[in-house]
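Protein chains: 2
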Amino acid sequence: MEEDLIRSLAATTQSKIVLVVFDGLGGLPKTPGEGTELQTARTPNLDALAAQSVCGLADPISMGVTPGSGPAHMGLFGYDPLKYEIGRGILSALGVDFDLKASDVAARINFAQIDAEGNVIDRRAGRIPTEKNRQLCELLSQIHLEGVEIFLRPEKDHRAAIILRGEGLSGHLSDTDPQKLGVPPKPVKPLSEEARRTADIVSQFVIRAQQILSHEEKANMILLRGFDKFEAIPTYSDRYQLKAAAIATYPMYRGISRLLGMTVLPTGDTIAHEFETLAQFYQQYDFFFLHIKKTDSMGEDGNFEGKVKIIEEGDSCFPVLLNLKPDVIAVTADHSTPAVLKAHSWHPNPVLLYSKFCRPDQVKTFSETECIHGGLGRFPALHLMPLMLANALKLEKYGA
Amino acid sequence: MEEDLIRSLAATTQSKIVLVVFDGLGGLPKTPGEGTELQTARTPNLDALAAQSVCGLADPISMGVTPGSGPAHMGLFGYDPLKYEIGRGILSALGVDFDLKASDVAARINFAQIDAEGNVIDRRAGRIPTEKNRQLCELLSQIHLEGVEIFLRPEKDHRAAIILRGEGLSGHLSDTDPQKLGVPPKPVKPLSEEARRTADIVSQFVIRAQQILSHEEKANMILLRGFDKFEAIPTYSDRYQLKAAAIATYPMYRGISRLLGMTVLPTGDTIAHEFETLAQFYQQYDFFFLHIKKTDSMGEDGNFEGKVKIIEEGDSCFPVLLNLKPDVIAVTADHSTPAVLKAHSWHPNPVLLYSKFCRPDQVKTFSETECIHGGLGRFPALHLMPLMLANALKLEKYGA
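So the sequences go chain by chain: A and B.
Counting from 1, position 49 in the first sequence corresponds to residue 178 in my numbering; the numbering is continuous, with no gaps.
Counting from 1, position 66 in the second sequence corresponds to residue 195 in my numbering; the numbering is continuous, with no gaps.
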């Protein structure tokens with residue numbers, strides 16, 4: 130409903146929007162009474178920007194719900210994460226930078242080891258090296274089955290992705306991974322009538338794969354799970370009339386951006402590289418998504434000080450962005466990853482929204498605690514996209 | 130949608146949650162510029178807890194809506210009060226501690242007086258003593274009708290509850306209470322086709338009751354209203370994987386808890402007794418609902434000072450709870466009952482949510498005014514359950 134409303138109001142203008150996402154930015158104090166990672170970090174650029182911005186706290190999905198990165202980013206991009214679910218198979222394909230088309234079916238592969246009786250004895254094939262994984266994927270790419278194109282892409286260690294492309298495929302398939310040892314892999318089963326043919330195709334693929342892998346010492350079998358069909362999603366251009374670009378060092382974030390019709394820009398490995406990329410392509414797009422990954426990685430590792438350092442590194446790059454003078458700048462996170470929890474969490478994300486027209490509040494520094502008092506209040510992250518568009522004067526009036 | 134989401138994420142863990150509800154806690158100043166009941170009360174324990182907690186203001190139903198205790202508690206328990214409506218007949222049965230089963234039909238009874246022409250001359254039968262009420266309920270319990278079990282339970286004065294149990298009963302019945310004097314009781318009418326048989330049963334019951342009561346001086350008739358069928362509700366165990374217990378001195382709150390599958394613990398008459406019960410049963414459950422009634426009663430009576438005293442009495446019991454070191458403590462109300470209004474009101478409830486992972490805010494005392502600045506912001510009370518579960522690390526991540 131609201132989605133249709135925003136779509137009907139979106140208009141093309143010359144203004145530019147930059148959304149910077151520090152993945153897992155929100156945190157918790159290490160010791161009660163002390164500061165969070167963001168409060169501990171020295172962030173003169175973000176603080177100065179916050180003082181000119183309207184701030185707030187955004188819930189990624191709904192209060193109390195801890196999101197994965199997929200649904201959390203969908204929310205940030207203005208797509209209801211409960212409506213636009215992205216399954217594990219799709220995320221896996223995105224994670225290897227695969228260019229998914231509508232109606233592709235994707236799943237995760239584990240290379241695994243079975244014994245002479247066909248029972249699984251290692252679900253990870255001794256975590257074979259990624260290079261070995263790459264070679265095996267090439268071998269399996271030789272399998273040709275009628276009516277379907279099959280793509281294999283290595284991930285890390287024993288993990289890979291498989292993508293099926295063709296007419297009338299279905300993702301309603303059961304896993305073959307038995308999730309335990311000492312039993313054979315399960316046969317793939319259709320979970321609905323229209324999935325019968327796809328199940329047959331996958332069964333044939335597994336048989337052929339087992340033959341090809343039979344000489345391998347460890348990785349002599351494959352286990353498949355998380356089948357999903359990718360249903361096309363309305364793009365940024367459809368919904369917001371935006372020509373959007375994404376800058377991200379990790380494949381999954383590039384993948385989600387690509388699904389939404391953003392152009393994925395080539396960039397380097399560091400945060401500084403990402404900001405340089407922004408400057409380089411600044412004239413060619415009117416919306417930029419710039420993703421900083423390592424705040425989350427440090428949080429997951431429980432590395433409080435490491436996360437503080439990444440936040441400071443990100444802050445130090447902001448002059449490059451500020452010099453471009455975008456009409457709208459938003460800085461936030463997809464979810465919190467407090468180092469003390471070593472995991473994603475349910476806590477709301479600090480949000481800073483700058484524009485010439487943003488009606489500033491009394492927040493003077495960018496932190497979880499300060500943002501409580503911001504003019505945006507506490508709100509669902511889903512509303513950030515309309516707010517950015519409005520501040521860029523890209524939304525027309527509703528009604529007369 | 131969100132209900133299904135939380136259900137799909139709920140997991141069993143060792144952590145424990147205690148929810149303390151001061152019924153009708155929120156208030157208003159007696160004189161402009163002075164404090165509310167909660168601000169006036171000396172609450173050192175709640176204030177110290179608030180300083181370590183995240184606070185906020187919760188709207189029971191939606192902004193501006195004054196709830197009854199039934200829907201307000203459903204919201205607190207995470208059940209959308211507009212979806213899970215509990216009708217008056219059901220509340221009446223709960224109010225006499227009756228153990229309702231799914232598909233039972235319940236209604237309220239008023240003992241009333243009719244004249245020789247059959248016209249109602251007193252809808253309350255002169256407020257007969259409760260003891261008389263009890264005797265009459267026993268008399269009427271002798272009525273046996275085919276295909277249905279009938280239970281009668283006295284409430285206070287002239288009020289009682291009737292419960293019908295059997296196959297294929299319906300609650301779609303009109304009231305027999307004409308709501309005015311000088312006219313006869315109305316015949317009960319089926320409001321839908323499938324209610325025809327139940328209407329016949331109730332009609333027969335009324336005729337037999339009138340015969341039995343014909344010798345009574347005052348209570349020579351019954352008036353029925355608020356027919357409801359109790360449709361089973363997903364329980365706390367179904368929805369949250371919680372083993373939950375309720376501690377409440379008033380039957381209605383015990384009744385609602387029982388509907389949701391909580392074990393109702395035996396307790397005494399005072400707030401101190403309730404906290405002792407909590408300590409006594411602490412090892413056996415992982416969720417406790419502790420209900421303090423008299424804050425509301427005092428508010429309804431317009432007794433500002435009395436309400437202040439009850440709040441202070443509740444606060445003084447908190448060391449018993451704190452010594453148990455629950456993982457999550459929430460303190461709030463179902464609704465406000467400002468003494469100056471002598472009634473429930475629409476004002477939001479102060480909320481305090483403590484856990485080791487609650488990202489504290491700058492709120493240092495527990496009051497309506499301080500909670501405005503809390504990190505939870507202003508939010509629908511329906512979100513409190515997910516927040517408690519999240520803080521107890523009882524919700525898994527949504528998506529990857």
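Since the hints were made in silico from the structure, they are not lab data.
Worth double-checking, as some hints may not be accurate.
One copy or two, it doesn't matter: identical chains are merged, so the pair holds either way.
[Claimed, not checked] Below, in silico cross-link-like pairs of lysine to aspartate or glutamate (EDC-like), each with a Cα-Cα straight-line distance of 20 Å or less: (1) Lys372 <-> Asp228; (2) Lys471 <-> Asp456; (3) Lys285 <-> Asp176; (4) Lys309 <-> Glu278; (5) Lys493 <-> Glu163; (6) Lys358 <-> Glu132; (7) Lys526 <-> Asp188; (8) Lys212 <-> Glu131; (9) Lys347 <-> Glu260; (10) Lys493 <-> Glu296; (11) Lys438 <-> Asp244; (12) Lys347 <-> Glu131; (13) Lys212 <-> Asp133; (14) Lys212 <-> Glu132; (15) Lys526 <-> Glu214; (16) Lys159 <-> Asp490; (17) Lys347 <-> Asp306; (18) Lys315 <-> Asp430.
Now the hints, each set against the structure:
When the C-alpha separation of lysine 372 and aspartate 228 is checked against a cutoff of 20 Å, the pair qualifies only within one copy, where the shortest distance is 19 Å, while the shortest distance between copies is 47 Å. Taking the shortest alpha-carbon separations for lysine 471 and aspartate 456, only the inter-copy value of 18 Å comes in at or below 20 Å, while the best intra-copy value is 36 Å. In this homomeric assembly, lysine 285 and aspartate 176 never come within 20 Å of each other (Cα to Cα): the closest approach is 38 Å inside a single copy and 51 Å across copies. Taking the shortest alpha-carbon separations for lysine 309 and glutamate 278, neither the intra-copy value of 31 Å nor the inter-copy value of 52 Å comes in at or below 20 Å.
When the C-alpha separation of lysine 493 and glutamate 163 is checked against a cutoff of 20 Å, the pair qualifies both within a copy, at 19 Å, and between copies, at 16 Å. In the homo-oligomer, the alpha carbons of lysine 358 and glutamate 132 never lie at most 20 Å apart, since the shortest distance is 23 Å inside one protomer and 25 Å across protomers. For the identical chains of this complex, lysine 526 and aspartate 188 are inter-copy neighbours only, at 14 Å across copies versus 26 Å inside a copy, given an alpha-carbon limit of 20 Å. For the homomeric pair lysine 212 and glutamate 131, the shortest alpha-carbon distances inside one copy (13 Å) and between copies (11 Å) are both at most 20 Å.
For the homomeric pair lysine 347 and glutamate 260, the shortest alpha-carbon distance inside one copy (14 Å) is at most 20 Å, but the shortest distance between copies (82 Å) is not. In the homo-oligomer, the alpha carbons of lysine 493 and glutamate 296 never lie at most 20 Å apart, since the shortest distance is 56 Å inside one protomer and 63 Å across protomers. In this homomeric assembly, lysine 438 and aspartate 244 never come within 20 Å of each other (Cα to Cα): the closest approach is 48 Å inside a single copy and 73 Å across copies. With identical chains, the CA atoms of lysine 347 and glutamate 131 are never at most 20 Å apart, being 52 Å at best within one copy and 44 Å at best between copies.
Taking CA atoms no more than 20 Å apart as the test, lysine 212 paired with aspartate 133 passes in both settings, with 13 Å inside one copy and 13 Å between copies. For the homomeric pair lysine 212 and glutamate 132, the shortest alpha-carbon distances inside one copy (11 Å) and between copies (14 Å) are both at most 20 Å. Only between protomers do lysine 526 and glutamate 214 lie at most 20 Å apart by alpha-carbon distance; the minimum there is 14 Å, versus 30 Å within a single protomer. In the homo-oligomer, the alpha carbons of lysine 159 and aspartate 490 lie at most 20 Å apart only across protomers (15 Å), although the nearest pairing inside one protomer, at 29 Å, exceeds that limit.
Taking the shortest alpha-carbon separations for lysine 347 and aspartate 306, only the intra-copy value of 16 Å comes in at or below 20 Å, while the best inter-copy value is 75 Å. Proximity of lysine 315 to aspartate 430 under the C-alpha cut-off of 20 Å is found in neither arrangement, the shortest distances being 34 Å within a copy and 68 Å between copies.
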